Amino acid sequence: MAAITPYTYIQCPCSDSSTLGRSSDTNSSRADGADDDDDRTFDPRAPRSNYSLYPLEYLLYCEDCHQIRCPRCVAEEIVTYYCPNCLFEVPSSNLKSEGNRCTRSCFQCPICIGPLAVTSVETKPDPSLLAAPDNTAAPQSGPYALTCSYCNWSSTEVGIKFDKPNGIHAQLSKLRNGGTARLTAKERKERRRDPSYRSSAATEQGDGRSGSDEKLDLETQFANLKSFYQSQLADPNASDGGLAALSDLGFSSPTSLSRIMSIYTGGSLHDKKAKLRVGAIREALEVDEGLQLADLDESAAIAQLHSEGHDGTASTSRLSDQPPNFGEAHLHGRSRFVSELRPIPYLLRTKRSKRCPVCRHIISKPEAKVQTTRFRIRLVAGSYIPSIAIRPLSLSSGSGTSASGSAGIPGALLEPLKPAHYLLTFTNPIFESIKVTLGAPAKTPGRFASKVTVLCPEFEIDANTDVWDEALKDPSGAGELRDRERERERRRHKGEEGGNVSNNNNQLEVGKIWERGRNWVSIVVEVVPAWLRLEHGTEEQRLREDEDLLEIPMFVRVEWEAEAVGDEVGAVVGRDKEAREKRELAYWCVLGLGRIRH
Amino acid sequence: MSSKRHSILPPVSSSGPKPPVHFSSSITIADSALLTGTHPIAIHSESVVHPRAKLDSLAGRITIGRRCIIHERSTLGAVGTSGKITEAAVTLGDYVTVEVGAAIEAGETVIGEGTVVGVGARVGAGAVVGKHCTLTPHSEIAAGEVVPDLTVVYSNGMRRTDKREVAELKNKGIARQIDVLRRMIPSNPAKFA
Ligand SMILES: [Zn+2]
Ligand SMILES: [Zn+2]
Ligand SMILES: [Zn+2]
Ligand SMILES: [Zn+2]
Chain H
1 MAAITPYTYI
11 QCPCSDSSTL
21 GRSSDTNSSR
31 ADGADDDDDR
41 TFDPRAPRSN
51 YSLYPLEYLL
61 YCEDCHQIRC
71 PRCVAEEIVT
81 YYCPNCLFEV
91 PSSNLKSEGN
101 RCTRSCFQCP
111 ICIGPLAVTS
121 VETKPDPSLL
131 AAPDNTAAPQ
141 SGPYALTCSY
151 CNWSSTEVGI
161 KFDKPNGIHA
171 QLSKLRNGGT
181 ARLTAKERKE
191 RRRDPSYRSS
201 AATEQGDGRS
211 GSDEKLDLET
221 QFANLKSFYQ
231 SQLADPNASD
241 GGLAALSDLG
251 FSSPTSLSRI
261 MSIYTGGSLH
271 DKKAKLRVGA
281 IREALEVDEG
291 LQLADLDESA
301 AIAQLHSEGH
311 DGTASTSRLS
321 DQPPNFGEAH
331 LHGRSRFVSE
341 LRPIPYLLRT
351 KRSKRCPVCR
361 HIISKPEAKV
371 QTTRFRIRLV
381 AGSYIPSIAI
391 RPLSLSSGSG
401 TSASGSAGIP
411 GALLEPLKPA
421 HYLLTFTNPI
431 FESIKVTLGA
441 PAKTPGRFAS
451 KVTVLCPEFE
461 IDANTDVWDE
471 ALKDPSGAGE
481 LRDRERERER
491 RRHKGEEGGN
501 VSNNNNQLEV
511 GKIWERGRNW
521 VSIVVEVVPA
531 WLRLEHGTEE
541 QRLREDEDLL
551 EIPMFVRVEW
561 EAEAVGDEVG
571 AVVGRDKEAR
581 EKRELAYWCV
591 LGLGRIRH
Chain V
1001 MSSKRHSILP
1011 PVSSSGPKPP
1021 VHFSSSITIA
1031 DSALLTGTHP
1041 IAIHSESVVH
1051 PRAKLDSLAG
1061 RITIGRRCII
1071 HERSTLGAVG
1081 TSGKITEAAV
1091 TLGDYVTVEV
1101 GAAIEAGETV
1111 IGEGTVVGVG
1121 ARVGAGAVVG
1131 KHCTLTPHSE
1141 IAAGEVVPDL
1151 TVVYSNGMRR
1161 TDKREVAELK
1171 NKGIARQIDV
1181 LRRMIPSNPA
1191 KFA
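Residue numbers (the numbering used here), protein chains in the order written: chain H, 1 to 598; chain V, 1001 to 1193.
This list has only true hints and no planted wrong ones.
Listed below are the simulated DSS-like cross-link pairs for lysine-lysine, each with C-alpha atoms no more than 25 Å apart in a straight line: (1) 1018/V / 1084/V; (2) 1172/V / 161/H; (3) 512/H / 435/H; (4) 164/H / 186/H; (5) 1191/V / 1018/V; (6) 161/H / 1163/V; (7) 161/H / 174/H; (8) 451/H / 418/H; (9) 164/H / 1163/V; (10) 164/H / 174/H; (11) 226/H / 174/H; (12) 1084/V / 1054/V; (13) 161/H / 1170/V; (14) 96/H / 351/H; (15) 174/H / 1163/V; (16) 164/H / 1170/V; (17) 1018/V / 1054/V; (18) 512/H / 418/H.
FRET-style restraints, in silico, Cβ to Cβ: (19) 46/H / 1142/V: 46 to 54 Å; (20) 1175/V / 159/H: 27 to 35 Å; (21) 1173/V / 163/H: 20 to 28 Å; (22) 1190/V / 315/H: 54 to 62 Å.
Hints listed in this document are in silico derivations from the structure and should not be mistaken for laboratory results. Remember, it's a predicted structure, so these values are computed and weren't measured experimentally. We treat Cβ as the ideally placed atom computed from N, Cα and C, and that holds for glycine.
Whenever a hint applies, use it, and build me the whole structure from the sequences.
Pasting the structure below:
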C-alpha cells in the first residue's frame, strides 16, 4: 500500500449549502451559535466532499468578500488565445473565422503527438562533390514534408508534400491524403457548370450519364446537396404535388424545409409566399444533386486489417485528435488506419482571469503577453489564511529523545486503538496577529470512528512581520535571526528534557500550545485510531475503499483586527490608525493523517 | 585545462584484464574509453569511441562495424542476467550509433546496420535488432527479442515502421558527424594495444 504523507485539504464555502449565498456578515453573527455548527459536522467521506476539498495552493481569496474561492466557483474569462508551440497570440476575431487551432506552421505528430518539423525531402547532392559547409548552407529546394524527429513519422506516409517551407497550414488544408488537391468552392462551382468537364468526366467513366458511382468528398457532396435543395425550394412546380396536403407538415415539404433553412441561415426564406407553395420535393437522384451511394465494398479495408493487424488501426483518442478535414473522402472509408492520419495543427491554449462569483471583482489576472508568466493580480489564499502543516509526534517514553517531533517513519501505518500524536503547525501569513479557534468532532464520521482530541483548540499567532524589519528594530542588535538561533537552542534543550517522561506529560497539557515562533504556533492533536473490524452480524465485513484512511474534519475560525476599509462616507476624514475592524473567517478543512493498520 | 576537468571526474578505473584489440588504423578512440575483458575487441574503420564509453568483452567477443559512434558512458557487453560466456558478446553493424548512457547486454546481441540506440536505452542479452531501426531514448528491448528492420521503438515500447527511406541520407550525416568528432576527440589507440 502506498504510504501517504499527511495532508490538509480546505473546503471552499461555495459547496456548503448552508453558507451558500450568505455574506460574511451573516456568517459572523451565526458564529456565537456554535451549537448549530456541531449539528452538521462536515464529513470528508461524503461523496460531495470530493468536489469541494482543495489543497491550500489551489485556492484563491476575494479581498472584498473576505472569503475563500476555489477553482469550481470562480468565473473565468479568457484573456489571450495563443499557440503553445510558437507562442503566437491569436486575436479572438481570427478564432471565429479560422478555428481554435494554430494556422501557422505548428503541427503535432499524429502518432506520438511530438512536434513536427518542416524538412526537405529532396535528396541532397553528394557532399563529397562540394565543400561540405557550403553545401549544407545552400538553400534547400524542392518538396518539403513534416517529419517527427521522435518516432520518425513523415507526412510523406500519407502522401502529403509541400511546395513551400512556410504557410504549411494553408497548404495542408488544400491537400487531401495522397497529395491530390482539394477543390475550392469556386472550382466546384465551375465544374458543376462547365459541361465540358462533366462530359469529360462522363467519358472517363465510360458511361453516358454522369455516373452515380463517382466519388464525392464531403464538401462537394454538401455543396451539391445544398444547391439541389435550394433549387427545389425555388421551383415548387417541379414536384408532383399528389400528396400535397398530407406532406405539408412532413419533413419533405418545402415549407418545413424552408423553415429549417431559415433557422440555420437566418435568412428570410420563410415568407408568406413560401407558405402557399405546397408540394413534396423529391430527393437527390444524381451525383450532381448530391447523391452518394454508400460504398459497401470494404475488401480493401479488410485486406489492410489482415496485413497490419490491430496495431495498424487508429485508436479513438488518435482519431479524436484529428482536426476536421472536410476535403476527405466520404464517410464510408473514413480513416480508421494509422496510415491515414494527418498532421494535427496545435490546439490553441488560453490565459484566463478569474473573478469572484459574488462580487465580480477580479481575483486572478495573468499578464496578457504570452511570453510572460507573471500575474497582474493574484490573490492566493495562502497569503490570507493560515497554513496547516502536519507532522507525527512520537512521545513514547523510550524513544522520545527529540520532543520537537522526529516521529517514526513518515507515512507509517497507524496502530488501531493506540493513541498517536500529531503536531499541527499553523503559520500566519498576514501582518496582523490572529486568533485561531479549532473545532473537531470527538469522533470521526463514518463506520469506524476514531477518537480525536485537540489539546489546544484556541490560541493566538503573532503577526507575520518582516524578518529583517524585526531584526533592524531590535535595539539590542541581536536581531531576529539571532533570536531564532537562540530559540532553536532552547528548543534543543527542551528536546533533551523531552526524554524525561514526567516532563513529557507536563508538555502535553490540555490547553497549552506546544511551541511558538515568530508567526507560527504548534499544537498537538491526539488520535485513537479505530479498530477496523465490524462486529458479527453486521451486513458487510469488508472494508470499503479508503475506510482505513484517518481523516479528521476540523472547523477553523480565524479572527483578527484589520484596518477599517474606508467604505463609508467621511471615513477618510475621521480615520486614524486606531480605527480598526474585526474580521473573521471560518471554514472546514480535512486533516489526512495516515492509514490505519488492518 | 583537460587536467582540470579530469580532477572533477572520478578517476577512470582501469581494473580488470586488458583485452586483445583489433583496431583499424582509421578509428578514433578516446584516451579515457574503458576497455576490459578477456575476449578480443574489434573496431572497424572510421568508428568513433567517445570518452568513458565502456566496452566489456568478459562475456565474449565485441565487434564494432565501420563508421559507428559509441557515445559517452554507454556500455557494450554488460553482463546480463544470464552471465554465460558466448563466442560473440555484442556485434554492431556499420553506421550504428549508440547514444549516451545506452547499454547493450552481452550474449550474441546483434545491432543491425544504421540503427540508433537512443539515450539511456537498453538492449537485452541475445536481442537481434534489425537494420535502420530507431530505439528512442530509454526504450528497452527484452533479452532474446528480434526487432525487424526499420522498426521505430517509441513511447514505452510501441512499435512502428520507418517509411521515410532516408537510410542513405542518415549514413551521410553520420559520416559528416564523424569528420567533426575526429577533430574534437584526441585519439589514442596505442593505449589499448
Ligand atoms: Zn468554491
Ligand atoms: Zn503556432
Ligand atoms: Zn511522432
Ligand atoms: Zn468577492
